[in-house]
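Enquirer: With chain A's structure known, arrange chains B and C on it following the hints.
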Amino acid sequence: MTGPRIPELSNVSTTVLGADEIILNMGPQHPSTHGVLRVKLKLDGERVVDSECIIGYLHRGVEKIAEHRSYQQFAPYVDRMDYVAAVSNGLGYCEAAEKLLGTEAPIRARVVRTILTELQRIASHLLWLGTHALDIGALTPVFYCFREREEILKIFEKYCGARLTTHAFRIGGLQYETYDGFEQDVKRFCDDFARRIDEYETLLTENRIWVGRTKGVGILSAADAIALGVTGPVLRASGVKWDLRKAMPYAAYDQYKFEIPTRETGDTYDRYVVRMEEMRQSRLICLQAIENIPAGPIMARIGKVLKPPPGEVYHSIEAPKGELGYYIVSDGTTQPYRVRVRPPSFINLQAFDKMARGSLVADVVAIIGTIDIVLGEVDR
Amino acid sequence: MSHLLSPSIMQLVLPVLYAVVIVAVLPLLAGYIVLVERKVMADMQARLGPMRVGPHGLLQPIADAVKLLLKEDIIPDKADRLLFWLAPLVSVTMALLAYAALPIGPAFQIADLNIGLLFILAVSSLGIYGIVLGGWASNSHYSLLGALRSAAQLVSYETAAGLGLISALLLAGSLSMKDIVLAQYDQGIWFIFYVPIGFFIYMVGSIAETNRAPFDLPEAESELVAGYMTEYSGFRWSLYFLAEYANMIIVAGIATTLFLGGWLRPFASSHTALPGTSIELLDALPSLLVLGVALYCFYLAPKQPVKIQKLVMAMAGGLCLIIAGALAGALLAPPAVLQGIHGAFWFLAKVFAYIYFFLWFRFTFPRYRFDQLMRLGWRFLIPLALVNLIATATALLATREWGGSLFLYTILADAVTLAVAMFLAKNDEVDSIVPVADGE
Amino acid sequence: MANDPSEKDPVSKPPASGAEEKPVAQKPAEPSQTASSADAPKSADVPAPKPPATTTPAAPKAAAPPPKEAPPKPLPLDNELVQKLKARFGDAIGETTLDRKQAIVTIGAEQLREISRYCRDEEKFDMLVDLTAVDWPKREKRFDVILILYSFAKNERVRLKAHAGETEPVPSVCEIWPAANWLERECYDMFGIVFEGHPGLKRILMPDEWQGYPLRKDYDILKQDTDWVRENLGIESAQ
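Residue numbers (this note's numbering), protein chains in the order written: chain A, 537 to 916; chain B, 61 to 500; chain C, 24 to 262.
What the hints contain is simulated information worked out from the structure, not anything from laboratory work.
Please read all numbers here as calculations on a predicted model, not as lab measurements.
Do not rely on the hints blindly, as some may be mistaken.
[Claimed, not checked] Sample of chain B residues at the chain A side, in silico, Cβ under 8 Å:
1) D103
2) M104
3) L277
4) F417
5) R429
Where is the CB? At the ideal position from N, CA and C, for every residue including glycine.
This is chain A alone, in the form it adopts within the complex (with noise of 0.2 Å):
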């Protein structure tokens, strides 16, 4: 039953049920597609010898929508892109208008937009962690992770008052000023996660079967990810140590200190590694900010209509899936000539089929967990 690991013997004899070759469609229902994908796999044997993923299953028309709405109208309709990590759609969109007014938010709402972009972070990769192992078949790690998510959305819900679409950001700063007991709260989160993680990672990272099912899975060379234009953790996990928070600092990241981990093989595990990193490293941001936020207002002066002198920009953040990028175009109006958003799970999952072919159909579920889309960034 296994396929044959010579290449040669692919070409030879027939399979079992008498063709050459089948075509799999794992549906856009599907309990590990993450969302509505489609993935139709030409399998020889257990072999996957050529994917295809059609997307477009939640095309929404959010580029559309966005040249019939005002600035501010338009920001709640990002958080609906990648809904798992709402946060960062609505920081990398308010500073990409910000940029565009030519402004900046103060200081103040800078570092409070860092600490509820890194929590968002943490909240986005504990979601990842939990449905890629399950996928995988470790049953446990989704419930912790999702209780250490709910702390995290309890803190975004005594912010904004919402937990998942949280439209946290205004464009200029902030709308709210941190609650009372707001760095409490990080502070207990984040003195309580340390140990969370190393729970996880008890569970999993040294598991003669986590390994055997991740290491050598999916593997991306660095060439390929950055002729695919992939981003984000799966582009470390290859080898390339790059972070939009070090090489082109937004928000208040420049002050802080933390490192961007980096794996080698490009392989699931690696990508499963950089991702715990990273969850340790957005612990450690959040405490060095919560330290010392500083005193100040929290929005920019710049009035209630918002319009920008013509032109365009693009500004993209580094969110939990990767570059998220925003391009707007203004015609001078109040309404955007142009959005585009760079969805980082619509580029990085090209590499999917870069990723699955050769390997066995057991592991596509695995390799669609770890290269982490939603498909709300995917198809907007």
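Expert: Okay, now just chains B and C, sitting in the frame of chain A:
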């Protein structure tokens, strides 16, 4: 009346009675094992599990059974109707048939075959037909793939498990299940202490045989929906399900009989009696254990948040008290009755402990990929089982030739086997990475 | 001249007393100096609210008025990269602007592939960050095909902008950056821009048989909807 109780009539009636009891109790037992599994799973996952249907979810299995019985019977259009109907029957029949030779107590056995172990293993293997037929009859890609994988996995791990069993069998000297337990009584030690590695091999093999995690790729939801069971719904599915859990109990029963002393209590051969009576001290263990459980229930009862839960916890405690009383009362009964009741208690306790490990592994480990699974079976477990077999045989021979303690010889044998195991595991690690062929 | 968001805008110091008038006064003079980009003429609106125009010299540095920054506008760009491109490709390079401190190079669509190859190989822009389009229906060549490139070595971004007409095919850059595969499919899907040389140009987000190109400005979804309802349901849509 005495002619009714004459041995010849008893020989006919008792097995039938036992069979009826087992067939009647088994579905209920399997259902409650599912509930235990869900509660244990929930506990390991920091949540509560079924709580609504009945206090603490105790009526959940009943609700599930009723639901399954009332479900619409869907047969896929192009499915082979005869085989579709037959397949779950084959599985369940074979699973239930294996109970014929399982010794739950010294007298509680439907048939004391002199090839009892062989019979059970053979009949369990026939259960694989049920899986393959089910996958074929469903006329679906997914099901067939799942069924074939399942069959391949079962056959491979059956071999390994069987070889693991033989090492204990050598020590017992007989295939009759009853004699195996009696051999452990005679030698005064459970065979797990002689061949722990054999036990380990059997345990791994039995997990794979029952399609449990980490070897449950054929039924994993995220892979192939439910494998060979995909197209089955309602009562037919519950038959497969019953077969799976019945199989679990069977393999637990085999492990208990061979390695854990069957119905024997710990230290069965030492008979320290209470002064002045013929009641043995260690025989008080069952009632003490159950008493402990009862006290724990009473301790937890006031802590429950809701009144009905307090009540139910207290009632559970009361039930345990009654059972403890019954077990204690048995101490005063004639030895046959005592052995029967306490034997059943110990057997069931060991079976449940073994099954608890099954549950524990399911929620701790990720799933093996199919090729890794097969590699583990053929390149690690079977060679290890062979080495274990030879080592144990050597130890036995040494005892016979040179005298001395079998225990010491088996320690040596186990050390050698352990060394081989580590060597094989090291090898396996290196090979298990499948090189990804570059498709371009 | 990279896209460096951490670099502070040069005009960010609070103005000296009486200088509140200056930025306002400066504005009308500037528009005549800037090279016009292909966009619509800039509006004369003041984007940021002015602090109260008071001529009192009383402590203007009291930090109460926000720092007055000149509103951002595109400026002509002539840096090393632009010079090399102009030297190599001459006429194919149109105007080059620096908008919000980001470099934009307008090029002719026919030379897109060669310029891209040059950028990747010689100038080390090894990553294609994004490939998209903007629709300016009133222009003759209505589409702006935008490529955003990034160089790891130089930590620099550049934006290539190619004008393309409605029926004009644009050379595909898939063989230069494989990342362009889906990005070009999306452009085709949303705008109808045909990329020549693409290995499999078909719709990606919309269903395969969809008519129309959604992100075009004249994509009348209301009309499509009422037509569909009329055809298929036989009633007048109430939209």
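Enquirer: State for each hint whether it applies.
Expert: Hint-by-hint comparison with the structure:
| no. | hint | result |
| --- | --- | --- |
| 1 | D103 | 11 Å, violated |
| 2 | M104 | 6 Å, holds |
| 3 | L277 | 7 Å, holds |
| 4 | F417 | 16 Å, violated |
| 5 | R429 | 4 Å, holds |
The structure does not agree with the numbered hints 1, 4 stated previously, though it agrees with the rest.
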